[in-house]
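Number of protein chains: 6
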Amino acid sequence: MRLLVINPNTTAAVTDLAASAVRRVLPGVALRAVTGRFGGHYVASRATYAIAAHAALDALAEHGAGCDGVYLACFGDPGLLALKEVSAVPVVGMAEGALHLACTRGRRIGIVTGGALWKPMLEEFAASLGFAGRIAGIRTIAPTGGEIARDPDSALARLAAACRACAAEDGADVVVLGGAALAGLADRIAPDVPVPVLCSVEAGARMALAAAAVRAGRALPPAMASTGLAPALAALLAEPA
Amino acid sequence: MRLLVINPNTTAAVTDLAASAVRRVLPGVALRAVTGRFGGHYVASRATYAIAAHAALDALAEHGAGCDGVYLACFGDPGLLALKEVSAVPVVGMAEGALHLACTRGRRIGIVTGGALWKPMLEEFAASLGFAGRIAGIRTIAPTGGEIARDPDSALARLAAACRACAAEDGADVVVLGGAALAGLADRIAPDVPVPVLCSVEAGARMALAAAAVRAGRALPPAMASTGLAPALAALLAEPA
Amino acid sequence: MRLLVINPNTTAAVTDLAASAVRRVLPGVALRAVTGRFGGHYVASRATYAIAAHAALDALAEHGAGCDGVYLACFGDPGLLALKEVSAVPVVGMAEGALHLACTRGRRIGIVTGGALWKPMLEEFAASLGFAGRIAGIRTIAPTGGEIARDPDSALARLAAACRACAAEDGADVVVLGGAALAGLADRIAPDVPVPVLCSVEAGARMALAAAAVRAGRALPPAMASTGLAPALAALLAEPA
Amino acid sequence: MRLLVINPNTTAAVTDLAASAVRRVLPGVALRAVTGRFGGHYVASRATYAIAAHAALDALAEHGAGCDGVYLACFGDPGLLALKEVSAVPVVGMAEGALHLACTRGRRIGIVTGGALWKPMLEEFAASLGFAGRIAGIRTIAPTGGEIARDPDSALARLAAACRACAAEDGADVVVLGGAALAGLADRIAPDVPVPVLCSVEAGARMALAAAAVRAGRALPPAMASTGLAPALAALLAEPA
Amino acid sequence: MRLLVINPNTTAAVTDLAASAVRRVLPGVALRAVTGRFGGHYVASRATYAIAAHAALDALAEHGAGCDGVYLACFGDPGLLALKEVSAVPVVGMAEGALHLACTRGRRIGIVTGGALWKPMLEEFAASLGFAGRIAGIRTIAPTGGEIARDPDSALARLAAACRACAAEDGADVVVLGGAALAGLADRIAPDVPVPVLCSVEAGARMALAAAAVRAGRALPPAMASTGLAPALAALLAEPA
Amino acid sequence: MRLLVINPNTTAAVTDLAASAVRRVLPGVALRAVTGRFGGHYVASRATYAIAAHAALDALAEHGAGCDGVYLACFGDPGLLALKEVSAVPVVGMAEGALHLACTRGRRIGIVTGGALWKPMLEEFAASLGFAGRIAGIRTIAPTGGEIARDPDSALARLAAACRACAAEDGADVVVLGGAALAGLADRIAPDVPVPVLCSVEAGARMALAAAAVRAGRALPPAMASTGLAPALAALLAEPA
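Chains as they are written, first to last, in the working numbering: chain G, 38 to 278; chain S, 38 to 278; chain V, 38 to 278; chain E, 38 to 278; chain W, 38 to 278; chain Z, 38 to 278.
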């Protein structure tokens with residue numbers, strides 16, 4: 038099983054963080070981990086999110102050959118449906134996968150992540166995938182994922198407090214700690230939270246593996262002529278495989 | 038990884054059918070497969086469904102010791118939330134798991150199964166888990182799962198036709214062929230259906246495996262005194278572990 | 038008019054409490070009140086709820102002959118749809134009936150009952166019957182119905198406080214005090230609550246009477262073969278009347 | 038028990054029809070039946086519906102004294118919430134009551150009535166009361182209720198066909214035959230329909246009786262100064278009782 | 038462009054207030070502003086709301102000739118759909134128009150107005166037009182619109198506090214200050230509110246102008262015979278133009 | 038009033054078509070019309086849609102200076118919320134604006150456009166803006182907008198047939214003919230459709246004008262560092278104005 042891990046922001050350190058976490062939980066899987074060529078250093082606004090969708094497509098076109106599955110490793114999953122449209126192999130997003138897996142663990146899911154602008158964006162994303170009825174609440178802390186990645190220790194207490202608020206005030210049965218940059222922090226805060234805390238990087242990766250293992254056909258998208266794109270992406274649009 | 042497979046109806050042949058299918062796709066997992074002690078020969082009505090929930094709890098109490106995860110192998114998942122409440126390890130139902138996995142494959146999910154009474158029951162089940170917005174349509178053929186298990190060949194054409202109608206009339210992007218008794222039929226009808234057809238037994242089992250692999254705490258349910266139940270179930274209720 | 042009152046838990050004192058309350062408000066109706074043969078002493082968890090559905094079916098099969106209507110006298114209505122499926126006469130559940138009647142009294146309904154685990158269970162039950170848009174909030178106090186039945190006086194203040202919170206914080210226009218074991222308490226706390234408080238036992242019973250009076254046909258369920266059930270229930274499944 | 042029956046259109050013959058049907062099923066209840074003073078001869082459009090709400094308030098103010106309950110006997114219930122606001126006793130509308138009672142008889146409710154413009158109006162009314170999830174479909178035949186009242190025989194076949202379509206095409210488990218002017222027709226078409234057909238006049242009346250029997254307080258509305266209204270209505274608004 | 042502005046309550050001073058505000062923002066439009074002939078001095082309850090719908094129809098019938106569009110200038114829009122049904126030119130309500138325009142300014146809309154009974158009425162109105170998913174919260178202050186019109190200065194602080202609560206507690210991105218009687222106050226409180234505050238009178242009027250400018254056909258409603266209505270309204274119902 | 042019209046695909050002929058149509062209906066408005074620098078020649082798939090969002094941001098950053106409002110002239114509105122986030126002046130999308138305006142014309146909106154892949158994309162877009170309850174149905178014809186622009190005459194009959202089906206089968210009260218490339222066709226097919234047909238280019242433009250006229254503050258987005266973007270876009274993200 039070969040999995041392409043796409044980090045659609047432009048910070049390679051976050052790619053490394055996510056890839057390490059995936060390697061830990063899926064030791065038998067061959068990973069290729071790639072970083073966005075253009076866009077925000079971190080995805081923490083609607084504009085950087087929109088650009089990241091293009092960057093994720095660009096990365097898939099450049100690096101997708103030979104993989105059995107794709108893991109879109111940004112919690113919020115920019116470009117998820119576009120990648121599914123043009124990819125020849127199954128694609129699972131980090132938020133998509135983590136939320137599906139969390140649904141088997143509790144009735145009402147809390148989400149905690151970094152960056153205040155993510156709250157409405159994740160509400161809309163979750164609603165767009167049909168999760169609205171399962172979400173207890175979404176809470177963000179002020180530092181963005183990028184900032185937390187640079188200094189995780191100082192964020193731990195705030196993340197744990199947000200998780201506890203998900204349980205106590207929102208009625209969450211389980212909390213997803215979301216974000217590539219937060220890989221590994223779920224275990225550290227779990228002791229301070231009265232409900233299970235799932236690492237989005239791990240949960241999403243396990244879901245990506247399960248999805249990649251199920252063989253089934255797909256519908257080929259139509260060929261699309263384009264202008265001004267990277268050659269690999271233009272080729273993928275022009276001749277979907 | 039040891040997985041307890043519970044078939045909550047009272048027909049051992051269906052248990053064998055499901056267990057064989059799980060073994061094929063999860064060769065490295067140790068399975069224990071058990072059959073309901075009481076209830077309908079097949080679950081094909083609301084009354085037999087209600088009784089099957091009790092039978093599934095009874096089976097978990099009797100056979101759950103030592104397993105790492107539980108796979109409730111009846112499409113429609115009688116007793117799912119009750120099992121999750123009292124089980125010390127993760128529980129995934131066949132419909133629950135198959136639908137979550139199918140959601141990563143298509144936007145709108147069709148469901149095809151045997152037994153006309155299942156249609157409203159599955160609609161309500163899917164809605165209760167928050168899937169309503171993802172379901173394109175649910176179609177049943179007249180023979181129940183039990184009847185299909187005894188004579189699968191004569192059901193193939195009708196199942197394929199129902200799957201095609203899911204795609205053409207309901208707009209399904211992917212179809213789940215639901216039912217323990219239908220294990221193995223998805224591959225046989227897939228060539229005649231223009232969208233992917235997923236086997237609920239396989240998809241649910243992969244999801245059960247993914248869920249069982251994620252370690253996280255749980256909330257202990259309260260002790261419940263009871264009367265007239267099997268000793269193992271009475272004990273499980275009285276002293277949740 | 039002969040009404041079968043089914044208490045699907047295994048505590049006869051609760052049956053007596055509910056039957057007395059029904060007799061008070063429906064003096065002209067002939068009641069037969071029966072208690073579950075097996076299951077939790079009280080229904081206060083998902084597992085005991087699932088078993089109570091089987092016990093309610095068992096009771097209907099044993100005692101249903103000759104009645105004109107069935108009143109499932111457990112607030113939360115375990116087995117409601119299964120009973121409707123196999124019963125030859127109209128069946129109304131206590132929560133079902135009380136909520137329908139409450140809907141004519143106010144736009145937004147509050148629910149107060151005993152036992153913390155009931156909150157999500159009642160949310161799901163209410164949603165499954167389509168009441169989600171009418172529910173202002175559901176509040177529970179820690180003692181279960183069984184505990185309140187044994188010592189109602191000490192629960193009164195907490196019940197009244199929960200009802201007031203339904204009005205003030207949740208915006209309820211009317212509150213249903215739910216639970217067979219809480220029969221008669223609505224009148225005692227109403228003076229301390231600024232919105233109407235309905236007794237679920239009375240409201241459900243009036244609705245059961247109205248429903249039983251309307252004559253109309255029904256669809257016969259299919260015959261179901263079974264194993265290991267009580268003879269009356271096995272017979273009812275095998276030969277629906 | 039004294040029940041005020043308000044027909045908010047201006048055709049006394051429809052009032053008589055509805056009152057006769059109510060007397061048949063509630064023989065022990067004292068009825069006062071009144072007709073709207075102004076507005077459409079029949080309510081069969083949004084404009085006549087809006088005016089009928091005013092006429093119903095006007096009728097309540099003029100004739101409400103001394104009644105124990107109010108039955109708003111127009112299927113679609115113009116002015117329902119306004120009447121509930123100012124009435125000192127419980128008010129139940131014909132569609133409101135019939136739909137609540139029908140919900141105890143089947144999961145999915147079909148509605149059949151006369152007058153094509155009623156379809157969207159009833160969809161919105163049902164949604165406004167939270168019934169949207171329970172409605173299988175609403176079908177109208179071209180003649181309005183008024184026309185059907187004048188010549189019921191010629192409408193029977195079309196009404197039965199619409200009821201059958203509710204069952205076969207919309208999946209209705211039970212059909213409500215709606216309209217004061219259709220009183221008595223349900224029994225005549227029931228033999229030709231494969232699911233139960235409820236008479237809205239009877240079902241609503243039984244619900245009105247059940248609601249009127251439950252004693253509970255109410256919130257007084259604020260006093261409202263007005264201009265140009267009938268004296269009784271102006272007085273009711275100015276001094277709510 | 039000639040716009041008929043209908044104030045469906047019976048206070049001419051409110052009509053003048055709204056008309057002045059519309060003139061300010063639409064200087065090139067010819068206005069005819071009319072006041073309800075009967076009903077509550079202000080619309081601040083369900084009963085006065087129901088009567089105002091009739092009064093709005095009455096005003097349209099009397100004064101609608103020759104206009105290019107109709108602006109129903111009462112926030113909450115009594116009779117909106119009835120007016121649309123019988124009007125030969127586009128009709129836009131103040132709440133309808135303001136909410137549509139607000140939706141282009143923010144994801145989640147807060148509403149602030151005067152009169153406590155408006156809260157559930159506006160919730161239902163907004164839901165009936167499909168806005169439910171866009172409404173962050175609706176907050177009212179105790180004085181009604183009529184009272185605020187007589188003494189706006191003393192209401193400013195409370196209105197601003199309610200707007201701030203919409204932003205801080207409900208998560209509103211934009212707040213609509215609703216009510217004909219509140220014309221002109223949005224600008225005064227905007228400096229004290231951290232999100233945009235829209236004047237419903239202006240926003241609704243701009244929407245009415247945009248709608249009136251789009252030429253398109255309409256469906257003629259059926260002729261309706263009536264009794265006891267003003268001659269112009271009776272004629273409009275009898276011969277829709 | 039200066040309006041920036043952004044066509045986010047890369048075909049200048051479509052930009053010209055849309056700009057001409059806007060000029061016709063808004064003769065007093067100064068237009069600047071721009072075309073995407075990169076991406077699909079037409080937006081007719083999820084991948085080209087995702088890239089168009091980036092292209093629209095790129096165009097706004099390059100050409101937005103000095104405008105009073107932005108009209109995102111692609112029906113489906115790629116990048117709409119991202120543009121609203123970073124734009125200093127109001128932004129309205131073609132589908133957003135046309136749907137809001139259509140909502141004032143009819144209860145249930147039909148949508149007809151070119152390109153089969155648009156149907157689920159528009160369903161999701163409409164749902165994301167809260168329109169789901171107002172959409173009667175979305176119908177596409179096989180040729181994409183680009184193909185229709187090149188040969189509109191041969192598409193007219195199919196577009197009219199789709200509009201008629203929206204009315205007859207989906208119950209639409211009004212139909213929006215969506216697509217920059219379909220500018221001007223609504224008038225040509227309206228005579229063959231029994232309900233009003235709105236041109237999305239015109240309706241959206243009128244809405245953009247109304248929105249641009251309402252002055253109100255906005256929240257500044259945070260500064261975002263980026264890599265590999267066009268200088269104007271990188272500057273807009275780094276220093277939002």
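Derived by calculation from the structure, the hints in this document are not laboratory data. Nothing here was measured: the structure is a model prediction, and the numbers come from that model. You may find that some hints are simply not true.
Where chains are identical, the list cannot tell them apart; a pair therefore holds if satisfied intra-copy or between any two copies.
Cross-link-like lysine to any residue pairs, in silico, SDA-like; alpha carbons within 20 Å at most [to be verified]:
#1 K156 - A205
#2 K156 - A260
#3 K156 - G170
#4 K156 - L193
#5 K156 - P268
#6 K156 - R252
#7 K156 - A269
#8 K156 - G208
#9 K156 - R61
#10 K156 - E276
#11 K156 - D190
#12 K156 - R255
Taking the hints in turn, this is what the structure says about them:
1. For a Cα distance limit of 20 Å, the shortest separation of K156 from A205 qualifies both inside one copy, at 19 Å, and across copies, at 14 Å.
2. For a Cα distance limit of 20 Å, the shortest separation of K156 from A260 across copies, 18 Å, qualifies, whereas the shortest one inside one copy, 35 Å, does not.
3. Taking the shortest alpha-carbon separations for K156 and G170, both the intra-copy value of 16 Å and the inter-copy value of 16 Å come in at or below 20 Å.
4. Taking CA atoms no more than 20 Å apart as the test, K156 paired with L193 passes inside one copy only; the shortest distance there is 19 Å, against 31 Å between copies.
5. Proximity of K156 to P268 under the C-alpha cut-off of 20 Å is found in neither arrangement, the shortest distances being 35 Å within a copy and 29 Å between copies.
6. When the C-alpha separation of K156 and R252 is checked against a cutoff of 20 Å, the pair qualifies neither within a copy, at 35 Å, nor between copies, at 27 Å.
7. Neither within a single protomer nor between protomers do K156 and A269 lie at most 20 Å apart by alpha-carbon distance, with minima of 34 Å and 27 Å respectively.
8. Taking the shortest alpha-carbon separations for K156 and G208, both the intra-copy value of 17 Å and the inter-copy value of 11 Å come in at or below 20 Å.
9. Taking the shortest Cα distances, K156 and R61 never come within 20 Å of each other, neither inside one copy (29 Å) nor across copies (39 Å).
10. For a Cα distance limit of 20 Å, the shortest separation of K156 from E276 qualifies neither inside one copy, at 37 Å, nor across copies, at 22 Å.
11. In the homo-oligomer, the alpha carbons of K156 and D190 never lie at most 20 Å apart, since the shortest distance is 22 Å inside one protomer and 37 Å across protomers.
12. Only between protomers do K156 and R255 lie at most 20 Å apart by alpha-carbon distance; the minimum there is 18 Å, versus 33 Å within a single protomer.
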